[in-house]
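**Q** In case you want the letters, here they are:
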Amino acid sequence: MRVPATSIMRRDFIELPEPIRRFLGPILGVIGFLFWLLAVHDADYLKMGAYGLVSILGWPYFVGLVLVVAGFAIELMRTPLRSRWLLFLIVLLAIFLYGTACAVEPVAELTDSWIHTGFIQYIFQNGHPLNGYDARFSWPGAFSLGAILVNFTGQANAVGFLRWFPIFIELANLAPLLVMARFSGVSRRAGWLGIAIYYATNWIFQDYFSPQALNYFFYLVLIAAVLAIWQPRRIRGDGPVRGPWRERVAQSRKIITHSRFVGDDAATTWGSIETMSVVGLLGLICLASAISHQLTPYAMVLALAACLVTRRLGRPELVLLVAMFAFGWLSLGASNYWVGHLSVIFGSIGAVSSTLSSNVTSRVSGGSTHLLVVEIRILLTGVVYLLAGIGFLRRYTDSRLLEALAGAPFILVAAQSYGGEGLLRVVLFGLPFVGLLAASAIFPSQSGSIRSLVPRIAIGKYALIGRPILRLAVVAVVLSFALATTIVRGGNDGYESFSSGELAAVNYAYAHVSAGETIGITNYYLPIGQRDITTVGVYDPGITSSYQKIGRLLLRAQPALIILSQSTEAYGEQVTGYPVGWEATLETTFVNHGYQIVAHWTTATVLKAST
Amino acid sequence: MSDVIVANATAIGSAQVVLVALLAGVTLLCVRALSRGFRVTLLPAVSRMLDASIVVLFFLFIVLVIIRFKTVG
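Sequences listed follow chains L and E, in order.
All residue numbers in the first sequence are consecutive under the numbering used here, ending with 618.
All residue numbers in the second sequence are consecutive under the numbering used here, ending with 79.
Incorrect hints may have been included.
One-sided and incomplete, this derived list gives chain L residues near chain E with beta-carbon spacing under 10 Å [to be verified]:
id : residue
1  : 30
2  : 266
3  : 269
4  : 290
5  : 291
6  : 323
7  : 337
8  : 352
9  : 374
10 : 608
Treat the hints as calculated values from the structure; they're not laboratory data.
For each residue, glycine too, the CB sits at the ideal point set by N, CA and C.
If we strip away everything but chain L, and leave its shape as in the complex, we get (with noise of 0.2 Å):
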């Protein structure tokens, strides 16, 4: 007999008070928030050690995030959903992941982060690009934004922007993700549950102040529209087909139709003016997005194909105007940076194998503590991966557009290595689809054209227990996953953050220097790059493989100053496995030929060339 879920979620909280029965999630999110306020007042950025941000917070932060994750499943099995609960829990659990970096470390992190405001400083005070300054500068639109922006908001320069921008940018991506989750096809639980899954994977850590996060930011949008605009039509069948793979074959042979290439296959209930407008803003978003960022724009061209080919596009005409923004920028705008060595953009095309090196192989080193981090990582990414595979042989659906959309990103490992960041990016690019999937392993839509690939389990006479189960199922996998993040999100943080010390150590070189001279750094995890990009130079050595290589390098280059931290310090002796104390070794080396301490934090040292 089938039991109604009222009555099971009755007898769950049965001992419970009604105001507090209704109202337990949200209670149990406002009870995290404030441990989670507690953990952020208690966190010392200063004893950060090798495993980077989760070394620092305290065991309020991961009550906390229990917490705000068993409010989260609570409410998510509630009967009916309440949006604004489970949105609000969202918001919360996105505040934990994202937020809590930006509140514990004292400025932002990540040296291109202060690279992007001294190109955004550059065109707020000359008004255009440098052009053959730096690669990025050929895709100038998102520092062209930031100009604005710093221009609009009266500020001298854009750093007030880098520190809470991470948390901005993904609340921000939200309101896309919403609507993905709405109308991609899933049940509503799973689109609550997907959005949660993308939250509490996304380690990858593109949403710093950078061209990407704003482009990723416009790739969601441009998709979330498209879903929103159009639904799949329902396709004529061509009578009875005995048998469920001679069903399938019919079905996939339906793909590579005319009418699905021209948009014919997918339906809209929208007005002609707004579906319109609506396009002619997509196609806006696009091209700002085909001048600011070099990848984006082909992930565009392969989502919307994808959505093409799944019935969930009716103006072909995007996708095609996407390849020609994007390939018009590269050919014409983007001249400066391909001109003679166009074998960064092709060298790879094809090389699969090379690619995947890079991207995986090469990551895949460092001391201990990293090897752990990047093993994490990789494991993450895989779990995720495997229950989206799960959840794509459970569900019903009307369209394959999730598994297209999740699989899509990957043409673009086959074009580009993209530096050995390219599977990163693909990955990134895929996770809201792959979440959606995911969450589909516990949540799989029970209707649809296209019937799942594994039977339907018979919860039966276990339906007493089926919610309850359902809900520690929920429990298990967003906090084993946002776990996992906090690890390996905040696990470079050890060198990728910066304190307060280094930050004035790098002002204080500034301001000491003259044009026309050089700061030397012994790796690049400083906050520099910020200013007089055109006058003053930094001089990186590389990584080499001694620290003495180093000093050799920069006594040979005479920089006018010298710049020694915490944080380069930290990434010798946890990525390249110099020995610990290894700059206070050179220090002792630049003073012996010529150099004095002229500056002195706790984090930093700034030496400079006697005269």
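On the provided structure of chain L, position chain E as indicated by the hints.
**A** Chain E in isolation, oriented as in the chain L frame:
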């Protein structure tokens, strides 16, 4: 057509030619999207010609981009 444009491979792949092909392609795509989007009835022959023009122009554009890579890069 200017004989300068077809003088040699460099001219064919020059920025102006790529830009013209790009603008022409975008214009045709907009025409198709607007006519379909606003349900403007086109003669089947016109519709087929429009589709064929877009496909040809798109491939021409890609060829021009490749030529530009070869000649300038």
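**Q** Could you check if residue 352 (chain L) really has its C-beta closer than 10 Å to a C-beta on chain E?
**A** holds, 8 Å
**Q** Holds or violated: is there a CB of chain E closer than 10 Å to the CB of residue 608 (chain L)?
**A** This hint is violated: residue 608 (chain L) lies away from chain E, its Cβ roughly 47 Å from the closest one there, beyond 10 Å.
**Q** Does residue 266 (chain L) pass the interface check with chain E, least Cβ-Cβ distance below 10 Å?
**A** violated, 13 Å
**Q** Holds or violated: residue 374 (chain L) as interface residue toward chain E, Cβ cutoff 10 Å?
**A** violated, 41 Å
**Q** Any CB of chain E closer than 10 Å to the CB of residue 30 (chain L)?
**A** Check failed: Cβ of residue 30 (chain L) comes no nearer than 46 Å to chain E, outside 10 Å.
**Q** With 10 Å as the cut and Cβ atoms as the points, is residue 290 (chain L) at the interface with chain E?
**A** Hint holds; residue 290 (chain L) Cβ to chain E Cβ min 8 Å, cut 10 Å.
**Q** Is the interface hint for residue 323 (chain L) satisfied, with its Cβ closer than 10 Å to some Cβ of chain E?
**A** Because about 9 Å separates residue 323 (chain L) from the closest Cβ in chain E, which is inside the 10 Å limit, the hint holds.
**Q** Under 10 Å is the threshold here; is the Cβ of residue 291 (chain L) close enough to any Cβ of chain E for the hint to stand?
**A** The hint is violated - residue 291 (chain L) has no Cβ within 10 Å of chain E, the shortest such distance being about 12 Å.
**Q** Verify the interface restraint on residue 269 (chain L): the C-beta must sit less than 10 Å from at least one C-beta of chain E.
**A** holds, 8 Å
**Q** Measuring from the C-beta of residue 337 (chain L) to each C-beta in chain E, is the shortest one below 10 Å?
**A** holds, 8 Å
Checked against the numbered hints given earlier, this structure breaks hints 1, 2, 5, 9 and 10; the rest are met.
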